[in-house]
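Visitor: Heads up: the protein sequence lines correspond to chains A and B, in order.
Using the numbering used here, the first residue of the first sequence is number 2, and each one after it goes up by one.
Using the numbering used here, the first residue of the second sequence is number 2, and each one after it goes up by one.
No lab work stands behind these hints, which were simulated from the structure alone.
Mixed in with the good hints, there may be bad ones.
The list cannot tell twin chains apart, which means a pair is met if one copy fits it or any two copies do.
With a straight-line Cα cutoff of 30 Å, these simulated DSSO-like cross-link-like pairs (lysine-lysine) come out [to be verified]: (1) Lys400 / Lys23; (2) Lys406 / Lys23; (3) Lys320 / Lys406; (4) Lys400 / Lys102; (5) Lys102 / Lys383; (6) Lys320 / Lys423; (7) Lys23 / Lys320; (8) Lys383 / Lys423; (9) Lys102 / Lys423; (10) Lys102 / Lys406; (11) Lys320 / Lys400; (12) Lys23 / Lys423.
Predicted model, so just to flag it, every value in this text is computed and none were measured.
Number of protein chains: 2
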Amino acid sequence: MERHTDRTRGVAPVANTPGAEKFLLAAKRAEICSLRQLAESCELVTAVSDLVHQLQRERGMSNIFLASGGARFRGQWQEQMDLVRRSSERLQRQLYLRYLKQEGAAGMRLLNSIAYSLQGLDDLDGLRVQVEQLAIAPLDSTRAFCRLIGGLLSIVFEAADVADDPAVTRMLVAMFNFMQAKEYAGQERAWGAIGFARSRFDSVLHDRLSHLQEAQHRSVEVFIEFAEASDQARWQGIENSPPAQDLNRLRRVIRGLADGEPIAAELSEVWYELATQRIDCMHSLEDHLAGRLLDISRQRVAEAESELEDHHARIHALKAIVCPNTSPLTMLSDPEVPGLYGAGEGAAKEAAAECVPPAQGLTPNLARSIYDLIRGQAHRIKQMGDELNDARRALTERKQVERAKGVLMRNLGLSEAAAYRKMQRRAMACNLRLADVAATIIEIGEKAAEKSTQA
Amino acid sequence: MERHTDRTRGVAPVANTPGAEKFLLAAKRAEICSLRQLAESCELVTAVSDLVHQLQRERGMSNIFLASGGARFRGQWQEQMDLVRRSSERLQRQLYLRYLKQEGAAGMRLLNSIAYSLQGLDDLDGLRVQVEQLAIAPLDSTRAFCRLIGGLLSIVFEAADVADDPAVTRMLVAMFNFMQAKEYAGQERAWGAIGFARSRFDSVLHDRLSHLQEAQHRSVEVFIEFAEASDQARWQGIENSPPAQDLNRLRRVIRGLADGEPIAAELSEVWYELATQRIDCMHSLEDHLAGRLLDISRQRVAEAESELEDHHARIHALKAIVCPNTSPLTMLSDPEVPGLYGAGEGAAKEAAAECVPPAQGLTPNLARSIYDLIRGQAHRIKQMGDELNDARRALTERKQVERAKGVLMRNLGLSEAAAYRKMQRRAMACNLRLADVAATIIEIGEKAAEKSTQA
């Protein structure tokens, strides 16, 4: 009878004093919810990757169309515009269904970077009219495309930056850096084409090309750090392929030219063709990465869902078995939980020396179980947090390096390339990571800025 | 008529091709939603801060009750248990209303740290029975309380770690570090009381006390970095107050004792009383911080809400004015938007040299406006991100230092204090920040671990 009353009385408090297991389950549901959002972001990234590729192609064709005074590539350009339009419509439909029909499906930063790019996309037809009428310089058209592509890439960056699952974040970091490398490759192609069109490469152009090659290299390095072995091998395959090798030879020819030394404009087509072949290979690796990104993100949702079911089953089983009078094992008595500083080292012995009998009345194996679930989840979260920090580091350091570069450009009046080289030299001289040098520069730069406003 | 058709045709696409301004508004709504969640987390932090304080008091009283074999503090302890119960019920009611009745109001990590602490709270009555029956050693009781308090502090840490508004995050980082300092002060009080109760301080105890004093100092330093000038002044007031000065004198007396040199047990009460007075002063500063935390977080919600209204009004006004045939200014033609590498430096001149007339037909001042809204918001988000990184750095570095300490303890078999001192010495010798040393240790430690599993 006593027991029955206990159980009856137990019903009311449950409604407003929450049990630990309810929060355990709520935490798991929150994880599932955020993994679902993440899977949707990954689909978005896939659509963005396709649109970026189509825009990169249109950029190249518009460039040639303009440079040839409308003589070349008219047909191909028209077809390409259709591909861009279709890709753009697909993306916009996705955006509407995912983020406007259901609120709360993405954060402020992702949504704003979408707004930013959409406004650029809206203006694309205006740009095309100018291209059609030959009313814009090739360089200006290229710049407009680059801005739009840069905006779309920032969507991918934001998706990676807010992801909170380590496996998916790693893939997103790899994907973002690969897309970035491909865009640098596209810009290298554009500047190279400009040099050939002018039949000369001056020192400014040399500097730009080498900076873009370095930038590709750096992005690829981060990609390799976070990619799987099979993708690394695919990348090696691309770099060892005949067009990439031929492109390297042509890069060396350009590098060997003195400032302003003339070069045959006819090489322009060879340059363009080789660079394009390499970029197309990069795109097929990118497609492959996008496919796996989708697989992994969906798999993580499924895993978390089955973990939730498992939690439910275990809690249900425990409630049926555990006798209400036994106190469960909790963090209070877990020697592995740190609490009092210094009590870990030899404290157990001290306690034993003070001769108090251990607490009785527990059936440890059963009582552990709910606590085990909570601890297990806490442990997993901690581990995920560490892995996540490592993956995000690659993104944050990138941001830090950009920010530090800005400080040097402003304060010392350096060009972007010079600022970067300065940081690189300092890192090598002091055996520091580039990011650590960047952090110091930002700190010093901001103190200097504070002082100058105070003065 | 032409115009009319245009407008009619315009209606359908709006429904499924999203306009940039819709995402601009969605981004602002997402910000408001996340600020509201943050304001709720701040209320939670306030409730946790109160419960931690009450538990710290109960911990001290239980300790004296146990050490005196049940002779002292029985009445005060009973009263204190009621205060803890009331504070705990308040917190649990809040938790239930905020996080279980409405799903999606918090992330996995915050919810799991809540589950973890709640399970500990559930076990508190079991601990009290042991204390009442004198069936637990004072040290074990202290350890149990420390674990529970550590769990509750981790709720505050999680709330700070997931916050994405710089102003609120700064306050949360200050608050968390101050709470942490206060907890170290409580642990120092406990170890001091143990030393006096034994009438001697051995080298192990000396080491612990000095480590806890250093730990307070480090946490207070971070608090000061993120606190406002008035709070820094309040803190100075506490440190200069007579009880804090007297406590410092007593600390020096203890430090001057040789290993095992006897000291009057009667000083125990003086020690306890002085430490308690200082901790109570810290609590009133903590209450003050909590109050401002709530104010700031609510103010941020109100600000974002009025920004949303402003966005609506501006977009509405623009739609009424802008002639549908003028193409708006977008990122595509904004010279401030980086896109093509190298095109910033002198590219405008190059473009001008190629002699293309600028695009016509814009009414720039009007057309800029929607784009201005989007750019303004993007700029603010970027700035907030930088500020946020700076505030989060303090939390991440803390985690990194803890993780590196663990690597050294495992790999070199060092004690916690020795591991910390080793890192500190290395940082000073190489003129590096502690966090940079920690990052290197983690990197090396993990490579070593990978190698040993491969071998």
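Visitor: State whether the alpha carbon distance between Lys102 and Lys383 is at most 30 Å within one copy, between copies, both, or neither.
Guide: For Lys102 and Lys383, only the inter-copy Cα distance (26 Å) is at most 30 Å; the intra-copy one is 34 Å.
Visitor: Regarding Lys383 and Lys423, is the shortest C-alpha distance of 30 Å or less found within a copy, between copies, in both, or in neither?
Guide: between (37 Å within a copy, 25 Å between copies)
Visitor: How do Lys102 and Lys406 come out at 30 Å by Cα distance, when the copy is not named: within, between, both, or neither?
Guide: Classified as neither; 40 Å inside a copy, 48 Å across copies.
Visitor: Could you figure out if Lys400 and Lys23 sit no more than 30 Å apart (CA to CA) within one copy, between two copies, both or neither?
Guide: between (39 Å within a copy, 28 Å between copies)
Visitor: With identical chains, the pair Lys320 and Lys406 could be close in the same copy or across copies; at 30 Å between alpha carbons, which is it: within, between, both, or neither?
Guide: neither (59 Å within a copy, 40 Å between copies)
Visitor: Give the relationship of Lys320 and Lys423 under a CA distance limit of 30 Å: within one copy only, between copies only, both, or neither.
Guide: neither (64 Å within a copy, 48 Å between copies)
Visitor: Please sort Lys406 with Lys23 into within, between, both or neither, judging by C-alpha distance up to 30 Å.
Guide: neither (48 Å within a copy, 34 Å between copies)
Visitor: When no copy is named, should Lys400 and Lys102 be tagged within, between, both, or neither for a Cα gap of at most 30 Å?
Guide: neither (32 Å within a copy, 39 Å between copies)
Visitor: Given identical chains, is Lys320 near Lys400, meaning Cα to Cα at most 30 Å, within a copy, between copies, both, or neither?
Guide: Intra 50 Å, inter 36 Å, cutoff 30 Å: neither.
Visitor: At most 30 Å between alpha carbons: which applies to Lys102 and Lys423, within, between, both or neither?
Guide: Intra 48 Å, inter 55 Å, cutoff 30 Å: neither.
Visitor: Indicate which option fits the pair Lys23, Lys320 if close means a Cα-Cα distance not exceeding 30 Å: within, between, both or neither.
Guide: Classified as within: same-chain Cα gap 13 Å, cross-chain 49 Å, threshold 30 Å.
Visitor: Go through the copies and call it for Lys23 and Lys423: within, between, both or neither, with a Cα cutoff of 30 Å.
Guide: neither (55 Å within a copy, 43 Å between copies)
Hint violations for this structure: numbers 2, 3, 4, 6, 9, 10, 11, 12, all remaining hints satisfied.
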